[in-house]
Structure formats: C-alpha cells, structure tokens
Amino acid sequence: DQQVKQNSPSLSVQEGRISILNCDYTNSMFDYFLWYKKYPAEGPTFLISISSIKDKNEDGRFTVFLNKSAKHLSLHIVPSQPGDSAVYFCAFSSGTYKYIFGTGTRLKVLA
Amino acid sequence: NAGVTQTPKFRVLKTGQSMTLLCAQDMNHEYMYWYRQDPGMGLRLIHYSVGEGTTAKGEVPDGYNVSRLKKQNFLLGLESAAPSQTSVYFCACGDGGRVEQYFGPGTRLTVT
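So the sequences go chain by chain: E and G. The first sequence begins at 1 in the working numbering and counts up one residue at a time. The second sequence begins at 1001 in the working numbering and counts up one residue at a time.
Just so you know, the hints here were simulated from the structure itself, not pulled from any lab data. Careful, some of the hints might be misleading.
List of simulated lysine-lysine pairs, DSSO-like, C-alpha gap at most 30 angstroms [what the hints assert, rightly or not]:
(1) G:Lys1014 - G:Lys1057
(2) E:Lys37 - G:Lys1071
(3) E:Lys68 - E:Lys54
(4) G:Lys1009 - E:Lys37
(5) E:Lys68 - E:Lys98
(6) E:Lys5 - E:Lys108
(7) E:Lys98 - G:Lys1071
(8) G:Lys1057 - E:Lys98
(9) G:Lys1009 - E:Lys98
(10) E:Lys108 - E:Lys71
(11) G:Lys1071 - G:Lys1009
(12) G:Lys1057 - E:Lys71
(13) G:Lys1009 - E:Lys108
(14) E:Lys54 - E:Lys71
(15) E:Lys5 - G:Lys1057
(16) E:Lys71 - E:Lys98
(17) E:Lys37 - G:Lys1057
(18) E:Lys54 - E:Lys98
(19) E:Lys54 - E:Lys37
(20) E:Lys98 - E:Lys56
(21) G:Lys1070 - E:Lys98
(22) E:Lys37 - E:Lys5
With the sequences and hints as input, model every part of the structure.
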C-alpha cells in the first residue's frame, strides 16, 4: 500500500530554468508536508514545508505547492543552480511526528 | 555544535554477527528515529523514541532492537545480521514543537 509516490526517479534541467518535482499521495489524514534534499554520502536536510491549511509556501528560490483535492505536492526551484543537483524526497506527516517518505527524485542541473 | 552524529560510518558484517549503531545528538530534542534507505525505496522508519526510556516500532522493525537510556543517545542493535539488512542507516532527531527532523550522516552497513 504505497501512500506516497514520486513517479519521476530523475530529472535534468538547464541552469537558470525552473525545476519542478512532484509527489502524489493517497492518505487524506496527512496534515504536514515537507521536502528534503540529500547529497551523496550525507543525511537528508530539511528544505521547506507546508501545512494542510495552506496551498503555497515560499522560501527564496524554493516554493512548495499543495493541491489537496488532487492529493498532489510539488516543489518549484527557480532559478535552478548546479548546486541544487541532489536527490529530493517528499515526506508526509499525519501529526504523529512520524514521516512517510517518497522514493526520491534525482535532480541534475546542467551548467 | 555537532548536531546529529552516527558511529560507525561504515561496517561490514558476516551473516549471524551482531552489532550496535550509535546515534548521538546535542540538540536537546525529545524525539529520535532510526531509518533505513534502500535503492528505490526511500527512507523507511525502523524504530523511534518520543523521550528518554521510551521506544516504539516503526514500519520495518523486524530484526532490530533499540534503546534510549539517555536523552541524547539512541542505539540500534542487530542481534543476528542478515544480508537483507544491507542498507544505509540514518538517525534523526526532532523537537516536539516543530515537525522537521534533523538527520545524521548515515552508516553504510554491508552484510555478507
């Protein structure tokens, strides 16, 4: 029973363009949604989050969008930079301080 | 301020051997977690703790045990390692008042 899906295992984007990463979920009880970034040989680091009462949250170049009716979460990175090349995980919480993680999308930003 | 540290960074075990992974945090967070990451599977929760002296099972607890004797430490034990436990293990901690978790650098374990 996969509650969270990141359907794109990889994505390549030209430097300066927009990167869009997506997650779909099935559990309507999720109330907090997060994105983590992971570089090789390091642990994931928190990037940005959004609660279920909002549909958008921005932090600099990063914007997270939540479409509750479609059960869809996305992360926009504008403009993309080579240093953004990493694996991005979405994570979902239902208020119990436990996450369910997506399988990750490997983003490559081409210089 | 080291954040979250994990010991060891790498380990190779033979089937049937035992070992303990140590996680230490200096962030004074109540919640601590152990995850494993396998290719194409994302991160899966093994066990977690909501405070000193407490532990609870996560999504994939079989074959593992944990202890949280001190607030700052969370130990993950493998009593009899199996090749299926070959993975990268991440420890994390979190403040009950916030939802973000903070991760250690990981331990790469190979069981032959």
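We went through each hint and held it up to the structure:
no. : hint                  : in the structure
1   : G:Lys1014 - G:Lys1057 : holds (25 angstroms)
2   : E:Lys37 - G:Lys1071   : holds (27 angstroms)
3   : E:Lys68 - E:Lys54     : holds (9 angstroms)
4   : G:Lys1009 - E:Lys37   : holds (20 angstroms)
5   : E:Lys68 - E:Lys98     : holds (20 angstroms)
6   : E:Lys5 - E:Lys108     : holds (20 angstroms)
7   : E:Lys98 - G:Lys1071   : holds (18 angstroms)
8   : G:Lys1057 - E:Lys98   : holds (11 angstroms)
9   : G:Lys1009 - E:Lys98   : holds (25 angstroms)
10  : E:Lys108 - E:Lys71    : holds (26 angstroms)
11  : G:Lys1071 - G:Lys1009 : holds (22 angstroms)
12  : G:Lys1057 - E:Lys71   : holds (27 angstroms)
13  : G:Lys1009 - E:Lys108  : holds (26 angstroms)
14  : E:Lys54 - E:Lys71     : holds (13 angstroms)
15  : E:Lys5 - G:Lys1057    : holds (23 angstroms)
16  : E:Lys71 - E:Lys98     : holds (19 angstroms)
17  : E:Lys37 - G:Lys1057   : holds (26 angstroms)
18  : E:Lys54 - E:Lys98     : holds (20 angstroms)
19  : E:Lys54 - E:Lys37     : holds (22 angstroms)
20  : E:Lys98 - E:Lys56     : holds (22 angstroms)
21  : G:Lys1070 - E:Lys98   : holds (21 angstroms)
22  : E:Lys37 - E:Lys5      : holds (16 angstroms)
Checked against the numbered hints given earlier, this structure breaks none of them.
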